[in-house]
Amino acid sequence: MANNIDSIEPVDRPLTTSTGRVLRSEEMVLNMGPQHPSTHGVLRLELIVDGEIIVDVIPHVGYLHRCFEKHCEAMTNYQQVIPYCDRMDYVASMNMDLAYVLAIEKLLGIQVPERVEYIRVIMAELQRIASHLIALGTYGLDVGAFTPFLFMFRDREKILDLFEMTCGARLLYNYIWIGGVSHDLPPEFIPQAKEFCKYFRPNIKEFNDLLTFNEIFIKRTANVGILPADVAIAHACSGPMLRGSGVKWDLRRNDPYSIYDRFEWEIPVGTGEYGTVGDCWDRYMVRMREMEQSLRIIEQALDRIPAGDVMSAIPKRIRPAAGDVYVRSESPRGEIGFYIVSDGSGSPYRVKARSPSYVNLSVVPEICRGSMIADVVAIVGSVDIVLGEIDR
Amino acid sequence: MQDLLTGILGNDILVYTIMATVPLLWIVPYALFAVWLERKVSAHMQDRLGPMRVGWHGWAQTIADILKLMQKEDIVPSAADKKLHFLAPFVVFVGSYAAFAAIPFSSAYVGSGINIGLFYVIAVSALVVVGILMAGWSSNNKWSLFGAMRSAAQIISYEIPTALALLTVVMLTGTLDLQEINRLQAGPFWNWFVFAKFPFIFVAFVIYFVASLAETNRTPFDIPEAESELVAGYHTEYSGMKFAIFFLAEYGNMFAVSAIGASVFLGGWNSPLGDLLNGPVWGAFWFISKAMFFVFVQMWLRWTLPRLRVDQLMHISWKVLTPWAFVCIIGVGILTML
Numbered sequence: 002m003a004n005n006i007d008s009i010e011p012v013d014r015p016l017t018t019s020t021g022r023v024l025r026s027e028e029m030v031l032n033m034g035p036q037h038p039s040t041h042g043v044l045r046l047e048l049i050v051d052g053e054i055i056v057d058v059i060p061h062v063g064y065l066h067r068c069f070e071k072h073c074e075a076m077t078n079y080q081q082v083i084p085y086c087d088r089m090d091y092v093a094s095m096n097m098d099l100a101y102v103l104a105i106e107k108l109l110g111i112q113v114p115e116r117v118e119y120i121r122v123i124m125a126e127l128q129r130i131a132s133h134l135i136a137l138g139t140y141g142l143d144v145g146a147f148t149p150f151l152f153m154f155r156d157r158e159k160i161l162d163l164f165e166m167t168c169g170a171r172l173l174y175n176y177i178w179i180g181g182v183s184h185d186l187p188p189e190f191i192p193q194a195k196e197f198c199k200y201f202r203p204n205i206k207e208f209n210d211l212l213t214f215n216e217i218f219i220k221r222t223a224n225v226g227i228l229p230a231d232v233a234i235a236h237a238c239s240g241p242m243l244r245g246s247g248v249k250w251d252l253r254r255n256d257p258y259s260i261y262d263r264f265e266w267e268i269p270v271g272t273g274e275y276g277t278v279g280d281c282w283d284r285y286m287v288r289m290r291e292m293e294q295s296l297r298i299i300e301q302a303l304d305r306i307p308a309g310d311v312m313s314a315i316p317k318r319i320r321p322a323a324g325d326v327y328v329r330s331e332s333p334r335g336e337i338g339f340y341i342v343s344d345g346s347g348s349p350y351r352v353k354a355r356s357p358s359y360v361n362l363s364v365v366p367e368i369c370r371g372s373m374i375a376d377v378v379a380i381v382g383s384v385d386i387v388l389g390e391i392d393r
Numbered sequence: 003m004q005d006l007l008t009g010i011l012g013n014d015i016l017v018y019t020i021m022a023t024v025p026l027l028w029i030v031p032y033a034l035f036a037v038w039l040e041r042k043v044s045a046h047m048q049d050r051l052g053p054m055r056v057g058w059h060g061w062a063q064t065i066a067d068i069l070k071l072m073q074k075e076d077i078v079p080s081a082a083d084k085k086l087h088f089l090a091p092f093v094v095f096v097g098s099y100a101a102f103a104a105i106p107f108s109s110a111y112v113g114s115g116i117n118i119g120l121f122y123v124i125a126v127s128a129l130v131v132v133g134i135l136m137a138g139w140s141s142n143n144k145w146s147l148f149g150a151m152r153s154a155a156q157i158i159s160y161e162i163p164t165a166l167a168l169l170t171v172v173m174l175t176g177t178l179d180l181q182e183i184n185r186l187q188a189g190p191f192w193n194w195f196v197f198a199k200f201p202f203i204f205v206a207f208v209i210y211f212v213a214s215l216a217e218t219n220r221t222p223f224d225i226p227e228a229e230s231e232l233v234a235g236y237h238t239e240y241s242g243m244k245f246a247i248f249f250l251a252e253y254g255n256m257f258a259v260s261a262i263g264a265s266v267f268l269g270g271w272n273s274p275l276g277d278l279l280n281g282p283v284w285g286a287f288w289f290i291s292k293a294m295f296f297v298f299v300q301m302w303l304r305w306t307l308p309r310l311r312v313d314q315l316m317h318i319s320w321k322v323l324t325p326w327a328f329v330c331i332i333g334v335g336i337l338t339m340l
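As they're listed, the protein sequences go chains A and B.
Using the numbering used here, the letters of the first sequence map in sequence onto residues 2 to 393.
Using the numbering used here, the letters of the second sequence map in sequence onto residues 3 to 340.
Chain B with its partners taken away, still in its complex shape:
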């Protein structure tokens, strides 16, 4: 796609701008849709209808909410650290948005085709922690501080099993380039890495998915914003559009981790039917469908499970997921050598 655009426009800067804007054009309608979906999914799981008034089955409810949030007064606590308080939501959003640069939406489109895409995604999404810590510290509120501390501990702990689980595939492919990883999974669905070196990569995939829930602060790991304990965690003191940006970042993150899972383990933009319905456009369709499925699973879990306690959370990360991720790495290594 980059070559095509360069051919038409002949101007590199314009091309880069367009390439960089595509994820943003995706993330905003996606977030609007995902928030609506979350409401509908939760409502139908709970024997109610959810938003029904604004448009067909309330499809425009999130748009109405965004309009409301934009008009709200931006309240900054008088004792807050004004600069950090202002910057925090944007740092969080940058962390989640920057990850989109390396996500291969289709065989023809990836924001930046760097050869260390996977490494970049893992690294840049850790930037979110900085923003969350900033938000919690600058609010000058004990609940926010607790939320931020918990969040920092949680996200950093869960990066380890996430990275280790992804490493199993990297060992197999010998590349960190996400497009290359996708290309190696070409063919029908049994070529997907989740079924390779059975059962080790499958287990690694489960580890990745569990850890990714924690990275996005979703139930059962939504401890940083546990509303029944910490009121709203690190974003207690945020309202209006800044709150909306935290929200957008959370949904962006949900998609980013699902997309990485889909492209590393589940064939990414490859059609599950082999050559049937394959190609750049169908590729985007398959990729987004796979990622959205995991977004749905995240919602499903959120409205089913209670929340863990902070020490139990650490226990799961360090004593369950990390050792098992190592077992998977060793298992894949042994099977590769045989």
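Next comes chain A alone, as it looks inside the complex:
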């Protein structure tokens, strides 16, 4: 690490007072969370600190465990799982629904209409922007900048307005259904979404001016929490966490699902502009750049969306043949995968979710050691965890 901490040499001889008494210096256990302003929910980090310097971090999870997987087995049909998926990653509900629905559709072998595919892509990308806005805004909060947070929430509200206009809900949508979507787009949606794209682009520049290129922000995030690409891969990190380390891996491009192969866009990766590849600033910047790419996808999709019925492919009865399926897609936090086993009955026999935040969190102790308490906050913020999805 390039900061000054390494230059502090550990004291190898005991400190003594003038009377010859030996002063003990020992490590302290500091409990960060589950109630703490910057653990983004109910994460508990057990910090072992030597003064301000972190010796070890032990994350404890499970405070928000709601038995998602077990609940799914008790459902009377496959559709009932969707609202539970909403509540997994509650700031990116659309992407969670999409991931689950894609798995069931693969199990059933359903081909959904073109219009539905386009609507799903638009919704998923709008949700990605909304989710990144929260991630970046709260990251600003973590390093002490309050104002960008509210600017980002202001813009997120506009996305939520679009969702509300379509399906009536602002946070947990239950919008993407097996074989279709719950409501067709209202006629005013497309002009308003286009207007949003036009409105939002200059705001990204504003965020950059206010926070991204702020000298103090760069000092706080560059060269902090460096995650080398090999460590990221070894820990199965995905999403912006992996791309921040310079690995060009995005399931929308590398394992295309839905109709993502039809759009032109790029995969932003960490470049180490202000520090080392894979530092907190890189992960932050990957999210910032992804919002621009999502806007590009949305604009292309809005221009090309065909007319049609969004309900035509919704099956009356869902009873897949016995078998199992694993389908993965790119959520704002990384690879969300659903492994679903069907025993031929009307409800899932087993649902297993591979949640990106949970996997990404596993690398936190690796990259925290040797940094300072303030850096732990910066690192955990840059991982962008959502506890609803970690604990399920």
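It cannot be assumed that every hint is accurate.
[To be verified] Listed next, with one range per pair, are the computed distances between beta-carbon atoms: (1) A:R155 / B:G57: 22 to 32 Å; (2) A:T17 / B:M72: 46 to 56 Å; (3) B:L303 / A:R297: 31 to 41 Å; (4) A:M29 / B:V322: 24 to 34 Å; (5) B:A66 / A:M29: 34 to 44 Å.
Simulated from the structure, these hints should not be mistaken for laboratory data.
Since we're looking at a predicted model, the values are computed, not measured.
Backbone N, C-alpha and C fix where the C-beta goes; we use that ideal spot for every residue, glycine too.
Place chain B on chain A using the hints.
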């Protein structure tokens, strides 16, 4: 003003009591106003309105909050050191309030016209550290302790560039009496010390302002109470009126450092227009306006900048501000000798 009062009342003790109460009569309405202002400034910077319900544009919101805080249960952690926990907020407040004694509000009023006013202010405001350490230690909470340790390190480190920056003006004037320093800046604004011996005192002024942000624990140096790291720092375990007193002390400190900056570098109670609009009453107006401007700048910075890390903070104090303050002192010395 002291002579006038003695003439009317003829009783020294009564006069001293009145003279000592004036800053308190100022600090309380000022704090109410400043808290309201902070909310409105932050709100308008963040594209929202802030308090709007209690009175016109929410002017009475802080009064309502104080009333709420007074009614709150005073919670003391069971493992706390009760005496220190009780005393800490008052020590902090005394440190910040005592500094007001030597602040020259107008050519006619200064709480105590001692001839080492500047020295006194620097010394007495360091008392705040003791209170903060007491608060952090007595709470028996690791977060509070971290906040207190950081705060002690920070305030003591930043006293040095602050004092050195103020020394440049003292070198020029040869006095530590704040009223005298103000008198020497009489005339239009180009007589203010911030423009004297250009650019050295100007740089010293910037150093003073940056260091004063750290002394008042304001962003980007709000590390002792960094809410995203240390929950609330040294006052994590305080609630109700004791918390309000910490708050009052913080706002009092903000004004005190701004007032010192205004009177040492920016002419204090002198009108920027020379003899126009000058005099004891206008003097108070100009002085408070200048100080309030810096209070506003402190708020502006708070809602714009992120927070530094503790090692970066020390780096700025010892490796940037202190050497440059010395450069300013040498520069002023050379220019004075020429």
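Checklist entry - Okay, which hints does this one fail, numbers in order? => result No hint contradicted; all consistent.
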